[in-house]
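Construct the complete structure from the given sequences, taking the supplied hints into account.
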Amino acid sequence: MARLTIDRVTKSFGAFRALDDVSLEVADGEFMAILGASGCGKTTLLRQIAGFDKLDAGRILIGDSVVSALGRHVPPERRRIGIVFQSYALWPHMCVAENVAYGLTVAGVKDPERAQRVEAALALVELAGFADRRPAMLSGGQRQRVALARCLVAEPSLVLLDEPLANLDVNLRASMEDEFARFHARTGTTMIYVTHDQAEAMALADRIAVMDHGMLRQVATPSQLYREPADDVVAAFIGEGMVLPVDVRSVDGDGTCDVDLFGHTVKMRCSSQQRPGARMRACVRARDLTIVAASSPGVDARIDHAIYQGGHFRLEAHPVAAPDLHLHLTVPEPSALRPGAEIRLDVADGWIIPRT
Amino acid sequence: MPEAAGWRERFESYGLLWGLLLVVAILSIAPLARLLLEGVAPHGSLSTDAIARVLSSTATWTATRHSLATALGGTIVALAVGGVVALVVSLTDIRARNAFVFCFVLPMMIAPQVIALAWLELFGPASPLLKALGVAQTLGGRNPLYSPQGIVLVLGVQYAPLVFLTLRAGLRTLPSAMIEAGLAAGAGALTVLRTIVLPLMTPPLVAGVALTFVSCLGNFGIPALLGIPGNYLVLPTLIYQRMAGLGPSALAEVSVLSMLIGVIAVVGILLQELMLSRRDFRVSTTSTAARPFELERWRVPVEIALWAWTTLVLFLPLAALVLGSLVPAVGVPLAAKTATLANYQFVMFGHDAARRALFNSFSMSATAAIAIVTVAVPLAYFVVWQRTRLLKFVNFAIEVPYALPGVVLAIAAILLFLKPLPVVGVSLYNTVWIILFCYLGRFLVLGLRPVIGGYYQIDRTLEEASQIAGARLGRRLVTIIVPLIAPAATAGALLIFLTAFNELTVSALLWSSGAETLGVIFFSFQQGGDSTYAAALGTLTVVVTTGLMLSTLLMAGRLPAGVLPWRD
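Protein sequences appear in the order of chains D and W. Note that the first sequence ends on residue 374 in my numbering; no numbers are left out. Note that the second sequence ends on residue 574 in my numbering; no numbers are left out.
Simulated from the structure, these hints should not be mistaken for lab results. Be a bit skeptical, because a hint or two may be false.
[As the list claims (entries may be wrong)] Simulated coverage check for chain D against chain W, where a stretch passes if three residues somewhere in it have a Cβ under 8 angstroms from a Cβ of chain W: (1) 47–56; (2) 80–90.
[To be verified] To list a few chain D residues with every Cβ distance to chain W over 12 angstroms, as calculated: (3) 104; (4) 111; (5) 146; (6) 180; (7) 217; (8) 269; (9) 270; (10) 285; (11) 296; (12) 359.
For each residue, glycine too, the CB sits at the ideal point set by N, CA and C.
Right, dumping it as C-alpha cells:
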C-alpha cells in the first residue's frame, strides 16, 4: 500500500494532447475514481501510472520513489502494481490457478507458499472451487473476479482498475460494485478506478477526479462534486446540472447568497470566498425546480418536450427570458402539461460556480 | 400484390450457387477423385503390379528419405528465421518496418527456380562476391549449393516468409492487455515472451510450420536446380525424371509416387490438426493489438542485423543473378567491356520457344486471374453471407488442390485428360488448356481468400438496403457488391497472376512443344547449360514480379489488412 503522486504530467500523441498538466494526490488506502467521457484521457493517465507509456513532462511517484519522469522510467514489471483490464486479459492457455499464480511464479515464490497464497486469493474473491477451470469456461463475473485475484495475490502497493465493469450486464454490475466496495474495505489497498459511469464512481469512490480533454477539472468527494461543482463542465457533466446565468446581489456569512435569476430573486449556496457581482453562473438541479401557480413568484418557462419515463414525465423547457437555454425537471403522473404550455418555476436551490 | 419468393428469384439464387459448385467440382474435385480412383480401382492404367514395383524400388525410398530430410530441414530454417523476424517486426519499435517486410516477403513471390539460380550464381566460380573476397572457386570446382544442405538453405529462405506471415497475423490479433497483464505481474519482456506470447501463438506457429513443410515437400524448382546435377533426387524430381524419360507409359508408376507424396502432405496437415485440438488457445478479449516494446540501445544493432540478413539472402543473390545475365557466355569474366544485353535480346526476341513461353505465361496467368476472380466474387458471397454446411465442404475442396504438392495435381490432370474428352472427342493433353485447367483449380483459393476477407469488411446492410429497394441478386451483385469488393478482388487477381507467372511445378509435367511456360523455358536453359539465358529470363521475371508488387502498394489503402502479404 502506498500513496500516489501525479505531478504536472503531460502526454501528447502527435499534435493531440492526451494529458495536459495533470496533478493528483491519492492518499494511502484511498479509493479514487477517475471519471470522464471516452477520449478524455483517463485511460492514458492509467497507462502512465502503470508505466506502459512514457510521459512527456512531469513526475509520477508511488510512495516516495519516482517511477516516471523525464529520463527516468521504472518498467511496469518493477512497479509492484496490480491492474484489472477492461477485457480482464486472462491468459487462455492457463487455468485459473495458473493465471493467479503467474506473478508469484515470476517472483520466484515456490510451493507450498505459492499454492497457499493462490488459494487465499481465490477464497477472497469467492472462487475457491474454480482453480482448475479454464478462463473460457467462466462467466463474465467469474472472469472479473479471477482478474481481481490475479492482481491482488502479489499484494501490490497500488491497484489500477480500467473500466472493470464495462463488459458486464446491468444486474451483474450492481453486485460487482458491492464486491469492489467490500473488497476495498477488507484489504485497505489504494485503488485507482477508471470509469465513464458516474453512478459507479459515486457509489464506490472516496474521491472522484473528473477529467475532460486531458485536463483534471475537479477532485472532490462524490457529494461535494454533486453539490459544489468547480466549473461549468463538471456542473453540466455530473447529474445533468443546468448552468444558468445569475447576478449575485449579496453574500451572507453562512455560505448562502441572494441572486437574481431572470429577474426573480432566489437563495443559493456559494463558497466562502464568493463576492457579489453580475454575470455569474449557477448550477441548478432538476429536483430544485417545482411548478408553482402563475400567481406565485417564479421563473417563466415554455415546455418543448414532455417525455414519459414510467411513473413520471421528464419536461424539457426553455426560460421565456432566454430561449437558447435548456431546463429540465420531472413531474409525477398524471400530468396535463403538453409542449407549448407555459409554466412558472420555483427555484429552491443552486450553487454559484466559482469563477476560475 | 406481393408474391412469395418468385421462381425467378429462386432460380437466380440456386442456379448461381449450383453453377458455382459445379465449377468447383470440375476444377478441384474431379482430378483428385480421378487420382484416388487410380489407387483403389486398378482397372485403368494402374495395377497392383505397379504399386508393388514402385514400393519395392530403392529409388522410391531414397527419394522419400531425401524429400523428408530436405522438407524438414527447410522447415526448421524457415521456422527459425521467419519466427524470429515476425516477433521482432511485431513486438519491437524497429523503423522502416514496411520496407523491411516487403523485402523479407519478396523471395516467396519470386519463382523458386530463379532464387535457386541466383544462389548458384552467388556461390559459383564466376561469383563477383566470392571473387571480391578472394575465395572464388576455380572453374570446374563443385558449387557448394549442389548439396542437400544447399537445398535446405534455399528452401528455408524461400519459405521463411510463410512462417513470418502466419505468425505475424497471429500477433496482430494478440491483445496488448495479455502482454501488459504479464508485465504488471512483474514478468520481464523475455519471460512474457516465453510464458505468454509463444504459448498463445502456438496455433499460428503450428499452422505456419505445416504450411511450410507441405510447401517444401512439393517444391520442384529448388531440388531440380540444386539436386539433379548431384543426382540427389526428391519425390517431385523423381516423378519429373520418370515422366520426362518415359512419357505417359510411366503414368502408372508416377501415379503411385504422387499418391505417396500426397499421403505425406496429408499426414503433415493431420498432425497439425491433432496438435491444435488438444488445448484451448482462444483469445476472447477485444483490446487493441500489442504495442511494440522499445528496444532502446538495441534498436540499431537489431535493425542492422535485419537488413544484413536481407542483403545476404535477397540483394546479393539477385545482384549475382543480374550480373550473371550480363555475361556473354558462361565462364567469361564480367567487366565493363564484356557486359552485354545480348542475352535479354535473345530470350525476348531470338528464341521461338522463349517468345511463345512469354506469351503463354502472360496470357494464362491473366486468364486464370480474371476467371478465378469472376467465380470467387459470387462464390464468396454464398460462403460468407449464406453459410450452409455444403459450403463448408466447398471451402475445404478449394483448399486441397493448393495445399497438396503441385505434382499431385499435375499427375491427376494427366490421368483425367489423357484420353480425349467424352462426347466432344477433343483432347486437352499436350495443349496449353491442361495447364490452364490446373492453374484454375490450384489457384482458386488464392483468389477466394482475399475476396472472402473483403466481404467480411462490407456491412451486410448495404446489400440489404438494395434488396429492400427491389434489386434482385444479379443486380445487387453487379451494382452494389462488385464495386465494394473490387479492391480485394484486384488484389486476389494479382496474387494469382504473380503465382501463375512464376510457376514451374505444374507445367514441368504438363508442357509440350507449343505449350511452354516461362518456368519450363527457364528450366530447360539451365539444364542445357545456357545459364546466361536462364539468368536473363529470371531477371526479367523478377523485374515484372517486383514491379507488379510495388504497383499494388498504390491501392493498398483501400484493401482489407493482410490481403497483400508483402504489405505490412
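Each hint, compared with the structure:
1. Counting residues of the region 47–56 of chain D whose beta carbon lies closer than 8 angstroms to any beta carbon of chain W gives 0, which falls below the threshold of three, so the coverage claim is violated.
2. For the region 80–90 of chain D, the assignment as covered by chain W is violated, since 0 residues bring a beta-carbon within under 8 angstroms of that chain's beta-carbons and 3 are needed.
3. Under the 12 angstroms C-beta cut-off, the non-interface status given to residue 104(D) relative to chain W is violated; the minimum distance is some 7 angstroms.
4. Listed as a non-interface residue, residue 111(D) fails to keep its Cβ farther than 12 angstroms from every Cβ of chain W; the least gap is roughly 5 angstroms.
5. Remark: the non-interface label on residue 146(D) is consistent with the geometry, its nearest Cβ contact in chain W lying 21 angstroms away (cut-off 12 angstroms).
6. With a least CB separation of 9 angstroms from chain W, residue 180(D) falls inside the 12 angstroms interface cut-off, contrary to its annotation.
7. The non-interface label for residue 217(D) is consistent with chain W: the shortest C-beta to C-beta separation is roughly 23 angstroms, beyond 12 angstroms.
8. Every beta carbon of chain W lies more than 12 angstroms from that of residue 269(D), the smallest distance being close to 50 angstroms; the non-interface claim holds.
9. Chain W leaves residue 270(D) outside its interface by the beta-carbon criterion, the shortest separation being 52 angstroms against a cut-off of 12 angstroms.
10. Listed as a non-interface residue, residue 285(D) keeps its Cβ farther than 12 angstroms from every Cβ of chain W; the least gap is roughly 50 angstroms.
11. Residue-level check passed: residue 296(D) sits 50 angstroms from the nearest beta carbon of chain W, beyond 12 angstroms.
12. For residue 359(D), the condition that its CB be more than 12 angstroms from all CB atoms of chain W holds, with the nearest at approximately 40 angstroms.
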